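Given chain R, put chains C and E in place with the hints provided.
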Amino acid sequence: MEEVVLDRKIKTPVGQGPILLETKKLTKQFPMVVANDAVDFEVREREIHCLLGENGAGKSTLAESLFGFYSPDAGEIIWKGENVDISSPAVAMDLGIGMVHQHFMLVETHSVLENILLGRDTPGVLLDEKAARARITELCEQYNVNMDPDSLIWQLSVGEQQWVEILKALYDGVKLLILDEPTAVLTPRESERLFAILKKMSLDGLAIIFITHKLNEVVQVSDRVTVLRRGKKVDTVNSEEVTKAGLARMMVGRDVVFRVHRDEIERGDPVLQMYNVQACNDIGLKCVHNVDLSLHKREILGVAGVAGNGQKELFEVLIGMRELEGGKVQLDSEDISGKSVGDIQSSGVAHVPGDRIKEGLVMDFTIAENMILGHEWSSPFRKGIQLNDEAIRSFADEGLESYEIAAPSVDHVTGNLSGGNLQKVVLAREIGSNPKVLIANQPTRGLDVGVIEYVHSQFLQLRSDGVGLLLFSEDLDEIMTLSDRIAVIFQGEILRVFDASEAHVDQIGLLMAGVKEGS
Amino acid sequence: MLKALGFEIVERRDVHPVVQVIIVFVGLLVAFAISGWIIRLTGHDPVESFTVMFKGAFGEKRKIWNTLLRSSPLLLTALATVIAFRAKIWSIGQEGQMFAGAMLAYVLYLFIGPESGMARPLFFTLIVLAGFLGGALLGWLAGWLRTRFNVDIIISTVLLNYIIITFLQLLVYDHKYWMDPNGYYPRSATIPKEDWYPIVVEGSRLHMGFLIAIGLAILVYWIVKKTPYGFDLRALGANPVATQFKGINVNRLILITMFLSGGLAGLAGVGELFGVHHNVNLAISPGYGYTGIIVAMVAELNPLFVILAAIFFGGLINGSVIMATSTGVHSSVTFVIQAFVLISVLLSRALMKYRIRRISHVR
Amino acid sequence: MLDDILQAAVILNILAATIRISTPLLMGAMGELVSERSGIMNLGLEGMMIFGVFTVWLVTVMGGTTVMGGVVALIVGALLGLFLGILVIYLKVDQTVAGLSINLLAVGFGEYFQRMINAGGTEVMVDILPQLSIPFLKDIPILGEVFFQQSIFTYIAFLSVPMIAWFLGRTKYGLTIRSAGENPRAVDTRGINVNRVRLIAITFGGLMAGLGGAFLMSVTSRYLPGMVAGRGWLAIIVVIAGNWKPARMVIATLLFAFLGALQVTLTTFEIAISYELFLVMPYVLALVALALSRVRSAQPAKLAVPYSRE
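As you go down the protein sequences, you meet chains R, C and E in turn.
Using my numbering, the letters of the first sequence correspond one by one to residues 1 to 519.
Using my numbering, the letters of the second sequence correspond one by one to residues 1 to 363.
Using my numbering, the letters of the third sequence correspond one by one to residues 1 to 310.
Here chain R stands alone, though its shape is the one from the complex (with noise of 0.2 Å):
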């Protein structure tokens, strides 16, 4: 693909062109989180609008009700003038509403010409190929990248695969384009040829809804930016008028309340020491880049990062789930590297994964088994050859006791609590082993405030009893309120670790963000 140079002159004027698209007070509802709420947005046609917001703001949501792979449960959409229902991904881009996605539906072993010809409706039953040859080139030279249609996905750059992505949804000849965190996989240089495409398509006549969390994007490609915070829209605004450090505060929030109070105790000896710790993500490439971090205890060490920057690579090398592909992990005076996921835990590593109810609990054990998962083998749980249904279950009532767990009683089914009590379960477990160090992912994920709290107070009371907390979160609020110290992660590496007490929401904010000191 070929330089582009972004000429920041020409921009179409901001926000006076007719409404092409418009919600009013759009809702949709999961079981456990209401998505969007009353969703008030409009795009106007030729214009490039930012869809800003924190993980879980809804900005996806929003997205697939757009494009037809969610019903709102709520509230109205008008596409040029007229209500519509948007009842399926088909009915969508009839209407000219096309979607990048933010994980491609590609199929990997496919070349781009089969990607872009999938459920393509041509006169015949033979694959035409030499049409779609034809306008693939066109396109291409149109955005000036260049692309063999006969390469095959997997051999694509993410950058490649992502453009035949948006080459899918040209071919159609879309009037509105949405792309779902288009950055989150893409280098600079990438992110650039990206923009430059976006705004020449934005002057050939197409409306684009960007979703990202990133602000130097916002400032970058958008004319207009609506920003989104837990479901509702918090404003609409011309990005020419605002200031990184104002979407920020708007994205995370003026108030950030210390709901919980933590106290300054000194910290304790280093007690998980991770040297130079590489990994590598499902497909092989490598995601996590030299982390060097040293975990006390009587410390929380908040690992600040929005999703996709390997800490979730990181988190499942460290509790043994995943290999480590270079670098040490030490545990005390203990070599751990390498070791499994049962040997690191019996060694005082408890951990609080990021998807409780896949890879925390068994949905179909009682609420006592799922308090003793993976230490049904360790006394007391087990006297003998059997299991000592006593000791569980006084431990297990002991947990229901004293962490409120809702539920009337540890032999009901785990499948029917709720979201916070299914956590709680997960923590009266990890923290019932007395462990050396508990490392949690995305814990308050998904959970209200109530539970929230609840779950910080748990953490700091283990920290108080010497215990040292490695904590993953997107959640800039929860890493400001619990760590003592924090380390940001962005793209694999650790930008900067510091103390919280020079920590200033914004200048995390903007560092989770990509932004380095002094741009």
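Just so you know, not all the hints are guaranteed correct.
What the hints assert, rightly or not - Interface residues of chain E toward chain R, partial, derived using beta-carbon atoms under 8 Å:
#1 Gly-144
#2 Arg-170
#3 Thr-171
#4 Lys-172
#5 Leu-175
#6 Ser-179
#7 Glu-182
#8 Asn-183
#9 Arg-185
#10 Ala-186
#11 Val-187
#12 Thr-189
#13 Arg-190
#14 Ile-192
By construction, these hints were calculated from the structure, which means they are not laboratory data.
Quick caveat, the model's predicted, so the values are computed rather than measured.
For glycine and all other residues, C-beta sits at the position ideal for the given N, C-alpha and C.
This is chains C and E only, laid out in the frame that chain R set:
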């Protein structure tokens, strides 16, 4: 389509246990109804046939002992299925493992020598252990192929079934090996009476294999419910991801489970050899391995219900044999009935998972 | 004795038998390929093949010709595929048990009806379908005898290879099927009903399996339960061993068939190798092939994973 009418299909979470039992009964009724229709197609009266069948299975005391006799291998292969399927390990090797158990036990028997005079407790302990081991090794092999080479257990167990049965064919067809030197049929020489499994009910053919089976049903129930191993087994079946996250060694679990499952099936085989046939032949298992799977599914993988289900199917098989002699409906109708029972139970359970309700959200 | 075996006539016999024996394997395997490419594994293939055999025989019993039987077997196979599809795709029944239920039903039907109908005394024999020798081509030395004096089913089976390969690779619907097995979500976002695509694919798989069974009955006059003897399972293995590519699948099929041909031809000779060893070789070979096929690069990513939107 349903959507247009204002309805949608939604998953139902809990099914009341009473409803579950009713589902099984409905399934059985439907299966018998269809089978009855097929019997009529081949020119016989289903009502008469089923009556004879039922009487033949449970009509009098001697018949009941015979039904229990028939149920013991089914109980064992069903238990083998239970522990594997509970972990979502889809082993269908029970058939081959039965033969393997019988064969290894026979090898040991030849080594000890017929009419050896060995003390009975020792003798039967060794024979039973050999039977277990034979099936266990075959099961373990399939498990190993899965953990080491990623070969699907479904396919490897099916192939191993064919392989082991063909191997047995070799052994009993050729006078070189096990075939009875004085006989023409593909089977070994008859085992002398003193080496037979002892009878537990005077005057019947019900042998100790039945007691072993019942005992093991209780043992399996206990293992699954009350031991850490059983805990791991159930965890693996319900959520393999969380199981790994919490440090349970999945590969080892698969190997152990396949070993135990194979062993249970092997016990069925050695029981048929030393308790019923008294010689090694190819009919030691006329499909009991597969019937065992159906029994386990009907009992919803509960080791105690399996006892009841096994007795029912034992009655079904016995009844079919009696029915064949007096009505002319061939005994193989039992396979038809069994298959329909499985399908009915599967369908009813699947349909019970869903219910239709009005679309609730506002537009 | 080796000289006897190495006679041209014997070798030709073995080769021709290889092609003939490949027929049901290839048919079942090609049908399975389509099904698996869409994401569904047909574990009831063996049973569907048994139903194919059984149907031809039953049609003959009721007075029809072998050809008619073949047509009905095709329909029966398709219906069974449809049934399995509904069970697995819509009712979310575990595919192992669903497949098993079809296999058991087939065995039951196969044996019961045979016993009942033959009980009358006279056994019904099926007319063997005559070979279809292709004029001109059949007279080519060597190749003619091996390839062009076969049953019509055989020609269909071998022709299905390029046809299905072409269909999957060059048509719109073929692309949809292949995509459904790799990334059903991608297909869904294009507005295509993934479940329907899969249902059609498995129905086709059943159709081919039924046809494969019909072939078996068309070359033997006597119906015996147990005739299929694992060919259905071998067909599934051929797909894996051939890494989901038609050309390689043909090679895998020929290998298995060759062993079968050896067994059939050489047992007439006095050989030290026992009959059973021949019988068992395809299965052992299958296990070894599976163990060694670490290269499963082309296995559809979402094979046997049910699809749901959330």
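Hints and how they fare:
no., hint, result
1, Gly-144, "violated (35 Å)"
2, Arg-170, "holds (6 Å)"
3, Thr-171, "holds (5 Å)"
4, Lys-172, "holds (6 Å)"
5, Leu-175, "holds (6 Å)"
6, Ser-179, "holds (5 Å)"
7, Glu-182, "holds (5 Å)"
8, Asn-183, "holds (5 Å)"
9, Arg-185, "holds (6 Å)"
10, Ala-186, "holds (4 Å)"
11, Val-187, "holds (7 Å)"
12, Thr-189, "holds (5 Å)"
13, Arg-190, "holds (3 Å)"
14, Ile-192, "holds (5 Å)"
Of the numbered hints stated above, the single one contradicted by the structure is hint 1.
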